[in-house]
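S.K.: Those protein sequences? They're chains A and B, same order as listed.
For the first sequence, the positions run 0 to 154 when numbering that gives the first Met the number 0 is used.
For the second sequence, the positions run 0 to 92 when numbering that gives the first Met the number 0 is used.
FYI, nobody ran anything at the bench for these hints, they're computed from the structure.
Some hints could be false.
Stated by the list, open to error - No more than 25 Å apart at the CA atoms, straight line, and that leaves these computed lysine-lysine pairs for BS3-like:
(1) B:Lys53 - A:Lys108
(2) A:Lys77 - B:Lys53
(3) A:Lys77 - A:Lys116
(4) B:Lys48 - A:Lys108
(5) A:Lys66 - B:Lys53
(6) A:Lys80 - B:Lys48
(7) A:Lys108 - A:Lys77
(8) B:Lys48 - A:Lys77
To be verified - Ranges between beta-carbon positions, derived for each pair:
(9) B:Lys90 - A:Lys66: 22 to 32 Å
(10) B:Asp20 - A:Lys80: 31 to 41 Å
(11) A:Val47 - B:Asp16: 23 to 33 Å
(12) A:Gln6 - B:Gly91: 37 to 47 Å
(13) A:Ala129 - B:Ala88: 25 to 35 Å
(14) B:Asp20 - A:Asn147: 46 to 56 Å
(15) B:Asp35 - A:His41: 33 to 43 Å
(16) A:Phe135 - B:Leu37: 13 to 23 Å
Computed from a predicted model, the values in this text were never measured in an experiment.
By construction, the Cβ of each residue, glycine as well, lies at the ideal position given by its N, Cα and C atoms.
Spelled out, the chains give:
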Amino acid sequence: MRLEYFQLIDRIDALDLEARTLKAHAQVPPTSTIFEGHFPGHPLMPGVLLIESMAQASGWLIIGLTKFERMPFLAAVKEAKLRTFVSPGQTLMLTASIVHEGSGFAVTKAAIEVDGKAVADSEITFRVMAFPDPKFRAGMEQVAAAINFPATIRG
Amino acid sequence: MSSTFDTVANIIAETCDIPRDTIKPESHAINDLGIDSLDFLDIAFAIDKAFGIKLPLEQWTQEVNDGKATTEQYFVLDNLCARIDGLVAAKGG
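Produce the entire structure from the sequences given, and follow the hints as far as they go.
M.R.: Structure below.
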């Protein structure tokens, strides 16, 4: 997890286009300036970043399903539950699945477990649009390669 | 069995917290009911689920942007319901 680059997924472990599911993991860094403020003397992974990590896992699933032709943008977060604390150094196991693929939008369910224990879950809505420009897509392809997004889908 | 309009009006009322009795067949979802694009995603999601269809929102938006259609054709509820009925019929429902 590279918090300073807002890259909250370390590696995609499985992307099943037929089942429309994705599994990924990410290690919360042992140290970060974020933990100096959140909270002083009691470092915790911020809940909003857990939600963002679920959004990123969902986003990579949508990019996979659209064969890297479309970009998902976060539009709504519903029923987000943050069930327990996450500490620096812990590894998040993320799952995402598609609830609905609409025209120009998609709805996912995503969840996080740490050591087999449910940590967070949410239903997330995305606007799904064409990449605004080729440079944007190229940048996303670079990130995709770094996190083990299947090369066969990157095209 | 409730009509397409009743189902759509109930979805709008519930999704956008709009009093059900203010939602009429002649209401324009955007101009009269003040529904924004994000709320309309929720409505589209609920309509897709309720009727087992996929509203072609992107195509409609493109047609409006290109000047080939007016928003009234898609977003006045009577017209929206007619299009939903058409999509249901097209899938053999």
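S.K.: None of the hints should be skipped; say for each whether it holds.
M.R.: The hints, checked one at a time:
Distance restraint check for Lys53 (chain B) and Lys108 (chain A): the Cα-Cα separation of roughly 19 Å lies within the 25 Å cut-off, and the hinted pair is therefore satisfied. Of the supplied pair hints, the one linking Lys77 (chain A) and Lys53 (chain B) holds, its CA atoms being roughly 21 Å apart against a limit of 25 Å. About 21 Å separates the Cα atoms of Lys77 (chain A) and Lys116 (chain A), which keeps this hinted pair within 25 Å; it holds. Among the hinted pairs, Lys48 (chain B) with Lys108 (chain A) is consistent with the structure: their alpha-carbon atoms are about 16 Å apart, no more than 25 Å.
Distance check on the hinted pair: Lys66 (chain A) and Lys53 (chain B) sit about 20 Å apart at the alpha-carbon level, within 25 Å; holds. For the given pair, Lys80 (chain A) sits about 24 Å from Lys48 (chain B) by alpha-carbon distance, which is consistent with the 25 Å threshold. This hinted pair checks out: Lys108 (chain A) and Lys77 (chain A) have alpha carbons roughly 10 Å apart, not beyond 25 Å. Restraint check: the Cα-Cα separation between Lys48 (chain B) and Lys77 (chain A) comes to about 17 Å, which is no more than 25 Å; the hinted pair holds.
Taking the beta carbon of each, Lys90 (chain B) and Lys66 (chain A) are about 24 Å apart, inside 22 to 32 Å as hinted. A beta carbon spacing of about 35 Å between Asp20 (chain B) and Lys80 (chain A) agrees with the range 31 to 41 Å that was offered as a hint. Restraint check, Val47 (chain A) to Asp16 (chain B): a C-beta distance of roughly 25 Å satisfies the suggested window 23 to 33 Å. Between Gln6 (chain A) and Gly91 (chain B) the beta carbon distance is about 45 Å. The supplied range of 37 to 47 Å therefore holds.
At roughly 30 Å, the beta carbons of Ala129 (chain A) and Ala88 (chain B) sit within the given window of 25 to 35 Å. A hinted range of 46 to 56 Å holds for the C-beta pair Asp20 (chain B) and Asn147 (chain A), which are about 54 Å apart. The beta-carbon spacing between Asp35 (chain B) and His41 (chain A), approximately 39 Å, falls within the hinted interval of 33 to 43 Å. Checked against the given bound of 13 to 23 Å, the beta carbons of Phe135 (chain A) and Leu37 (chain B), roughly 22 Å apart, stay inside it.
Taken one by one, the earlier hints all hold for this structure without exception.
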